[in-house]
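Peer 1: Spelled out, the chains give:
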Amino acid sequence: DFTFKFQSSDPAGNPNFEFQKGWTDLVAEKSGGKIKIELLPVGSVVEYNETLDAVAAGILDGQICDSSYWAGKDPAFGLISNPVGAWSAPEQMIDFVENGGGKELMQELLGSYGLHFIGVSTPGLEAFVSRVPLEGVADLQGVKVRTPEGPIANVFAAAGASPVNLPSSEVFTSIDKGVVDAADYSVFSVNQQQGLNGVAPHPVYPGFHSLPLVEVSMNSAKWDALPDDMKVLMEETVKEFQQTQLAGNRAADEAALAEAEADPAITVHNWSDEERAKFRALGVAEWEKLATQSPMSQKVFDTLTAYLREKGML
Amino acid sequence: MTADRHPDEIDLAATSEGVGPIPAEAGTMGRIVDRVAYVFAAGIVVSAAVLLSEVFLRYVLNRPTIWAHELTVFLCGLAFTFGGLYCTCRNSHIRVVLIYDWLSPGLRRIFDIVISISCAVASGFFAYAAWHMVTRAVWTPSGEIRLETTGSAWSPPTPALIKIFIFVIMVLLVVQFLIFAVNYARRARG
Amino acid sequence: MMDLGFNLQALGIEWGTAVMFGMLIALLLTGMPLAFVTLLVALIFALGWFGPMSIPLITSRVYSFVMNFVFVSVPMFVLMAAILDRSGIARDLFDAMKLFAGRIRGSVAIQTVFVAVILAAMSGIIGGEIVLLGLLALPQMLRLGYDRGLAIGVVCAGGALGTMIPPSIVLIIYGLTANVSIGELFTASFLPGLMLAGFYCAYILARAYLTPGAVPDVDPTPVSRAEKMRLLKGLALPIFVVAAVLGSIYGGIASVTEASAIGVGGVVLSTILRGEFSYALLRGAAMQTLATVGMIVWIGIGATAIVGVYNLMGGVDFVSEMITGISDNPTVIVLVMMAILFFLGAFLDWVGIALLTMPIFVPIIVDLGMDPVWFGVVFCMNMQVSFLSPPFGPAAFYLKSVAPPDITLGIIFRSLLPFIGLQIVALALLIAFPGITGR
Ligand code: NA
Ligand code: NA
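Chains as they are written, first to last, in the numbering used here: chain R, 1 to 314; chain S, 1001 to 1190; chain V, 2001 to 2439.
Chain R with its partners taken away, still in its complex shape (with noise of 0.2 Å):
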């Protein structure tokens, strides 16, 4: 039989590594406890940004996590996993990826560096934290925004905003001491918990800027030793646990929200469609920059304008 380590790009902890623990459960219980999958939490073995590396290498056999850490190795990782602004809800994210070619281009990108591509999920759209009231695009004007690794930074230039590369460690002081005005940084939910809707009283939601690719894959040379039957019921509990991640982190998100309402201190904002179009006309910019930087970004952007062309966004 087989026995898996995957290592995760969330803590032990997170709601989000607790999901992902109920993956490879669901594996196990359906797989008759033919496939044991052991999840280890971020950092464990190699770093958040290692573990592809580490996977090709068979140090690990599998990873759980954000697309966009491997956009250093191809810009196309960057844009696929986070073409800022072109999605308003996680479900159009997981079509395109499932039915509108992402997964062919995930698979390729990945396959080339020995990898194969399980399944996608997604935390869903993250909200955005501010101490300052945002109405859109034009109040960004000379925000000082932390932004984490990824051309999203570059986006928020464009629209006036000043990026700031802080570590997710030092976002809460940043925030709370003044030192940023607003930051990129997680759900609303995870946001509220964190007490940052506290420090910064004007949270965007749903946020504008973000839906992070959240990948599930293993080392191909093992997925190839999967008998046909499990390779399928590998594939088809990921789609499982992307929905129950999903709806689960929604209704955090509600909740979170109705909390953040009834406090007088908080002012949730909500974006036009106008002002959220405003800004993915920034993002669909810096998109054309990015395709011409590897011939795998250009394949990606042609995909995923052809798609979003197709569905009338764009």
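Some clues are possibly wrong.
[What the hints assert, rightly or not] Now the stretches of chain R that chain V is said to cover, found in silico as 3 or more residues with beta-carbon under 8 Å:
no., region
1, 3-16
2, 175-185
3, 292-303
What the hints contain is simulated information worked out from the structure, not anything from laboratory work.
Here the structure is a predicted model, which means the values were calculated and not measured.
All C-beta atoms, glycine included, are put in the ideal place defined by N, C-alpha and C.
Based on these hints, arrange chains S and V with the ligands on the given structure of chain R.
Peer 2: Relative to the frame of chain R, chains S and V with the ligands by itself:
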């Protein structure tokens, strides 16, 4: 591993802030490393200046850069990595000398030789592993040269450069530990 | 998997852990550098448990460790201390503090604690501070007829405050290892740090007024007004540096890492204003910084390597279960952790202790529903003891390097015992009343 000490003489090299001169056993390579170290020490000072200017640009001019943090991380990363070789040459890595200090001078020499050879062997394995890491950071799967970048807005190729540097330092550590072993052996003989 | 003639996996995790621990201790005692002991053991277990294909996990962790933004503050604080040590700032500060401790019994010892607290608020490491106080305060106290043990204890324990009062490298490394906000750690450690300094002052006063002959009589010579003004100037620059570092963190100007660079700028500017700045001074300070951080980082590299391999072996779960299995009472578990830290602190430098134990301890603390920021302060207080506790007591070593030759290590360690007692009392209070951290 420095010159034989009086039992009550304490060894600051055993603490995390200690310093010491380059011992004779480090050989010519030790002296070269000591010279070159200046470049990496300067990198730390430059990092401080870069961070200061970043605070000024952001707080006063409201124009933070996209390169200040990544440049500092790179300069300090080089200094951290090189610092390992530097401390090896100066014999100032932290050690527990509880038993070592009570050994006879002859026995200490033998310990010194065996320790140096073990460290050289370990560094050799790490050089091999670092090479493995370098191949993934420098070449694409299809064999083209592409230096791995940070994937950020600035996206400098610093990950690939640091990985190459780690490989180089591991190789130099092998050489330095072997030089130590040979010189300890020479001294033991006469 | 390549067959290397040995397969450690056959040991199982229980025996694997025992063998790994035994190997670490045995190699450490040979006098092999700590960084290479941990690297070598990590290598042996990676090879023996998983085979050669797993070694790149070690180099991958080395890479991640040296490319960490938060770690950048470590060379900054070390550089700042190195420049400070080479300037006359501390000397003038010591003279200025004469004005405050003035006309009470034991005033020079109290003055030394005050200076130690201000130096501690400027810098984050202890070596330079103890050496400075050893050169400034110790000879003066001995000349005036202070009890030798009291004088030695005040210098070592006071100097060690450098890592208890923020900024502190111990808290930075803890925050890094435990993924906890360093700003919050700093805020939480203020009061406990001042509390410990208060204990030292109380102890000095108790000795001064209760044990005859422990301190000399008060010097009745009045200080002239002009002299007072001149002495007060010595306070200006240190206060400026403290305000720059802590002010930029709490005033929302800079992140902790950036504030460390502001500290460097502050001391450089101070030395320029004092006319002491020179290329040689900066160069010497930078070279010392490289040597210090090289050591700290490579201990970290060794520790991160062994933690990665042990995690892949499934070891961390094993140890966590073992520790949580001790008792249902969280306080008992914390006390067991403290005992482990005391033991390690007697033999090992704090960097190694932090990087080896915190990846295991902190998740347990979080699982038990306790506050990891509070635990960071508790850890930091525990490391205060490790600086003074024999046989491996860095504070004693630093002082020995500048003390008169007739003061042996034995005398120093004996002098430190009451101060270790005070530190343990402070630690016990922190555990009994977590509210002292303001959380
Ligand atoms: Na301090
Ligand atoms: Na100790």
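Peer 1: Run every hint past the structure and note whether it holds.
Peer 2: Here's how the hints hold up against the structure:
1. 3-16: Contact hint for the region 3-16 of chain R vs chain V: holds, 4 residues under 8 Å.
2. 175-185: holds (count 4)
3. 292-303: Answer violated; 0 residues pass the 8 Å Cβ test.
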